[in-house]
Amino acid sequence: MLTDVELKAKSIEYRETILRIIKQARAGHTGGDLSSVDILNVLYNNILRVSPETFADPDRDRYVQSKGHSVEVLYTVLADRGFFPAQELDTLGQYQSHFIGHPTRSVPGIEQNTGALGHGLAVAVGMALAAKLDRRSYRVYTLIGDGELDEGSNWEASLAASHYKLDNLTVIIDRNGLQITGRTEDVNPLEPLADKFRAFGYAVWEVDGNDTQALIDAFSRTPFETGKPNLVLAHTIKGKGVSFIENAAKWHHRVPTDEEYAIAQRELQQAREQLS
Amino acid sequence: MELGRANLDVFADTVLEIAGQDRDVLVVTSDSRGSGKLTHYGDTLPAQIIELGIAEQNVIGISAGLASAGKKVFATSPACFITARAFEQIKNDVAYSDQPVRIIGISAGVSYGALGATHHSLHDYAALRAVHNITIIAPADNFEAREAIKAIHNIDHPVYVRFGKAAIPHVHGENSTFTIGKAATIRDGHDLTFIACGETVPVALAAAELLAAQGIECRVLSMHTIKPLDEQAIRQAARETGAIITVEEHSIHGGLGEACAAVLMQQGPVVPFRIVGFPDEYMVTGSQKEIFNHYGISADGLAKTARAILG
Ligand SMILES: Cc1ncc(C[n+]2csc(CCOP(=O)(O)OP(=O)(O)O)c2C)c(N)n1
Ligand SMILES: [Mg+2]
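Protein chains in written order, with the numbering used here: chain X, 1 to 276; chain Z, 277 to 587.
No wet-lab data here; the hints were simulated from the structure. This one's a predicted model, so the numbers in the text were calculated from it and none came from an experiment. Treat the hints with caution; some may be incorrect.
Capping the alpha-carbon separation at 30 Å, the derived lysine-lysine pairs in DSBU-like fashion look like this [as the list claims (entries may be wrong)]:
(1) Z:347 to Z:313
(2) X:165 to X:250
(3) Z:441 to Z:347
(4) X:250 to Z:565
(5) X:23 to Z:458
(6) Z:313 to X:250
(7) Z:441 to X:23
(8) X:23 to Z:565
(9) Z:441 to X:250
So here's chain Z without its partners, still in its complex pose (with noise of 0.2 Å):
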């Protein structure tokens, strides 16, 4: 896999893009701008960037305002404020009373490592999932993260994307499309298949690939849209693999996982599953890479999962 940049430079250079040729476009920050990479868009158009101070609960309600005035705004803050202190905004303010704001959680999951939970977003699936009128995407590679910036740039009801701010290498090719709420299918295979969302993606591929070489063939899904969820394509990966495993950078309660469980629990068919995120507990300090091999969010960790579970 070859190494493509930071989504979030990625996220900046597209909402730049977008901005300059629409003037309804705003970005609204909480003393997020270099955190966020915008500081060369502040500079560019500085008639289209608010800032609100440390302040993630103004950053939402003022959005939703803002938007129920015809702006299209991209409120971004780290996803761990974000989606914690402004929970109640994003619950009332912009999905209860369905103001179209786009809010970009910035580093997410545990990008910023050794700064602590605190600064750690694990909860952000399991709390939007449980609000109505929210669509929840975590690009997995620059391709993905490009072409959501850009899908949501015309919307009519919230939307929260989340990112990291590490190079993450290309797991798209040539041909790739994306499309909100449908799989992208990134390796097929027949004996598993790792149904995974955003950065953990290019882990899972890669245990795909060490797999392979031991001769078992993985299916690999980037489940990019947590919610709406591609119901059809994890049956169908149930169906025609026979065993699922899950990957995240959230915790195991209220995900990616928890939410392709049910489907097969109440749809059909039942598999052989595992959930492999973040578990319950005081989480080991250190950095995004170290935290993810810790937790066995790492090529070897995933194929010993693999192997576990087809016995």
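Okay, chain X solo, but in the shape it has when bound (with noise of 0.2 Å):
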């Protein structure tokens, strides 16, 4: 458990180093890691019950990244959960690397492997009925993009969820209002999303998904309502920490320049300094 400024501290910490993989990579989808930053930090940090010593462990808290393409804002909080050597996390996307674009079951931590969008929900319903079915305690989360909820499928999966009752299941929406093409609500209108959840049968929370301390509230007052499943409407930020970077739909896989990257590593430094 990490108080609420050692999270702001590791935030920042984890956002230099998804920016510094990608650069070293070249290739990466910028914005949407930095908006999931702050939620895999504080279910990581502070709210899966999940370590490299339980990973094999029947009862063990599951989380299924569902917006695979985030994939670096992953690895990143997995190696330093202690996963697998952090040094690793330089041979991303080199030829042979196990650390490949998207999430594989071939690096330590990661549940499902992910990437084409739309899949997750499902998998994470199955995992959460598996935990009914069984009478195991554990829980289960996903995150998903909300362009992502473009794909019928997440449509399906929230009918089963509602259905067998999955108090145990927390869906995270990843909601930073842009997709590749531009803004969701141009694109392809979601709103009224809250609305629709519920209409669904979700127990729904909104809550800013950039905030470590509302995340942290957020997800302790699971189960939201007995025998619905949970489901975490995250208003965030794409590209959060930076600032040219941020609710900038052409950084969705900007990899960015010596300059870019320069300014980027000052604005985060300086981001530290405000916190002490």
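Using the hints, put the two chains back together into the complex; each one sits in its own frame.
What follows is the structure, encoded as structure tokens:
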């Protein structure tokens, strides 16, 4: 368990690592990584009952990252939690590396291979349903992009989640308002999104998804309602933490130039100084 | 070989040219206009692009409906998603119902290299070969890409075209022609034939040039149409050159190689034969080039296979 100040320091460190490995690999999904940092930080440091030692334990909590393209944040957090040596992050995307550009179970700590959008929720429903069938107490978390919600499979899986009363399942939506082409509300509008999820049988909790304390509060309250799957609608900023990457669709999978990288490092260093 | 542009860029230019003169042409996308180099198209012809968000099944279903009403649809999305996620829509709504949709699989094969298996399309020839009523085309170079897109502007039946996003060397000269269903002879020779498709054709040509320096003269066929297959060109190559190596950016299962093998096994002549493609394994990580080299889809790798088969 980390204090909120420790968590906030971690988020800065994670953002630095993400930018470094994307720059080095010359590929990565910068915007969506930075938007999800605080969510993964809180989950892996304060909420999930899982560690490298317990990863084979049938009672461990599960995390499935459905928005697989944001793999750099997942690898970064898993390295920090000791699932593998941090130096291995430097092989991201390289010839013969295990660290490919989407989550793969050949990397320790990863539950499910993802990367094609709209798959994680159904798998998470299966995991949560198995817990109910076996009367196990583990919980299942899945992170989904807002653009990803265009895929109909999410809504099929939602029907099943509510039918089977999976209150051990927490679905987190990274509601950053952007997909590749532009704003979600211009490409394929989602609003009123919270109402849609309620209509599909979720207990919905809206939160600032870049506020670690608010995220802890939300996750600590699950189940929000007995017998209903939990939905955390996390309002985030795509590219959070670096001024020129924030809220810019073109940063979905752009790699910073040397100059941009230097500015980003400076901004993150300033954020660190402001913390203390 | 002189380096050309990416077939993806050629596609984007050609479809814009066609659509500018034919208002029934529609490009349908799945949050894929950037990946498809279609941002300029969308800005130029905003009334002729339909954006459906990240919903590939919907892209094919809606395209079938549009086609039924006379729209000339280019449904454009990464090959990996459009042929796997939307396979049932392709099979039933397009092929079985005979709705003439042009399905454009971009960044095909291992174009997305290090993004991993979710983003590779090593299954699309196999899957679609088993579906009745869909033509499968993999253009080799910019000439074939442009001719293929022009050739499918007016069609009566479904077509699938797939290509990558890397710059490709020109393999065709000035007087080349392109006919769907007819293999193109890129180079002639009498010792062995490379039957390649898509972006492995320049690699096969490079291997043939390497082998020529060692006194082995190879024929290179661009089998740009995987279905219907030019059976006559395959049998003629076997007869005249006596050995065949097929090359494809696809699984060795169910693709061009097995299609050619079936022709020769059943109709003859049976000759020494090798299929070069991706083996049935968890694919190595790397760029498209690194993956090609790893699995012997390189001038050196193919030359080695040729020497082995010739004994
Ligand atoms: C099935 C499928 N279709 C398309 C893609 C390509 N793709 C990768 S990320 C992305 C946009 C995702 O947007 P969103 O879910 O909002 O993610 P975020 O904004 O958090 O990065 C797309 C279309 C994919 N990975 N899978
Ligand atoms: Mg988004």
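For this session: Kindly indicate which numbered hints from before are broken by the structure, ordering the numbers from low to high.
Result: 2, 5
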